[in-house]
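Participant: All chains should be built: construct the whole structure from the sequences, respecting the hints.
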Amino acid sequence: MDSVLIVAGSENSRNALSDLSKLCGLSEQTCTGCGNDARRLLLENDYDLVLINTPLPDEFGSDLAVSVCEGFGSAILLVKADIADEISEKVECSGVLVIEKPINRQMFFQSIRMAGVQQSRMTGLQRENKKLKCKIEEIRTVDRAKCLLIQFESMTESEAHRYIEKKAMDLRVSRMRIAQDILCQYEKT
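In my numbering, the protein residues as written are 1 to 189.
Hints listed in this document are in silico derivations from the structure and should not be mistaken for laboratory results.
Beta carbons are placed, not taken as given, at the ideal position from N, Cα and C, and that holds for glycine.
Treat the hints loosely; a few may be bogus.
Claimed, not checked - Computed beta-carbon distance windows for the label pairs:
id, residue 1, residue 2, range
1, N129, S158, 27 to 35 Å
2, T123, L183, 19 to 27 Å
3, D82, S10, 45 to 53 Å
4, E128, E70, 17 to 25 Å
5, K131, D181, 22 to 30 Å
6, E159, R40, 20 to 28 Å
7, S3, F152, 16 to 24 Å
8, K166, N129, 30 to 38 Å
Facilitator: What follows is the structure in structure tokens.
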């Protein structure tokens with residue numbers, strides 16, 4: 001985890017969080033003072049972590065944290081101790097980590113590490129999701145090609161399947177490539 005977006009209403013808070021973040025190894029830092037600016041920055045850039053010191057001048061900050069976590073980001077929300085439990089109940093189901101203020105340095109470092117673990121898991125899930133989507137697309141394409149072979153070549157489903165498999169092995173290309181060639185050939189007619 002390298003990049004962090006620090007969202008805090010006061011310059012002093014931004015500087016303090018920036019210093020603590022540097023101690024955790026978060027070298028790429030962007031700071032902003034309000035939720036609207038943070039949302040704009042999140043649309044333009046990818047951040048490994050978003051630190052939000054509540055309340056912000058234009059909103060409390062919990063909605064911003066939830067929207068970060070609904071994507072594939074990690075967020076830590078810093079809130080006053082007297083409302084921490086109440087806020088935690090609202091946002092933790094979305095994956096937002098909540099730290100009570102005043103900040104305990106050890107708790108802050110642990111939360112950064114936990115956010116890193118969350119980020120790693122999400123990255124792995126994103127990769128797996130992408131692989132599965134590609135596999136589904138391949139299956140759909142091959143099935144469409146089989147349907148065309150059944151329709152135009154009067155093959156059975158198993159014959160069409162075998163035809164695609166055999167041709168892919170003979171030409172040493174993927175089934176997807178053979179299916180795409182079949183689609184190009186028969187969808188013109």
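Participant: Look at each hint and say if it fits the structure.
Facilitator: A quick look at each hint next to the structure:
1. N129 <-> S158: 27 to 35 Å: Between N129 and S158, where Cβ atoms are some 31 Å apart, the hint holds.
2. T123 <-> L183: 19 to 27 Å: For T123 and L183 the Cβ distance comes to about 33 Å; the hint is violated.
3. D82 <-> S10: 45 to 53 Å: violated (20 Å)
4. E128 <-> E70: 17 to 25 Å: With Cβ atoms ~19 Å apart, the hint holds.
5. K131 <-> D181: 22 to 30 Å: Cβ of K131 to Cβ of D181: about 23 Å, so the range 22 to 30 Å holds.
6. E159 <-> R40: 20 to 28 Å: Distance hint for E159, R40 is violated at roughly 57 Å.
7. S3 <-> F152: 16 to 24 Å: violated (53 Å)
8. K166 <-> N129: 30 to 38 Å: Distance hint for K166, N129 holds at roughly 32 Å.
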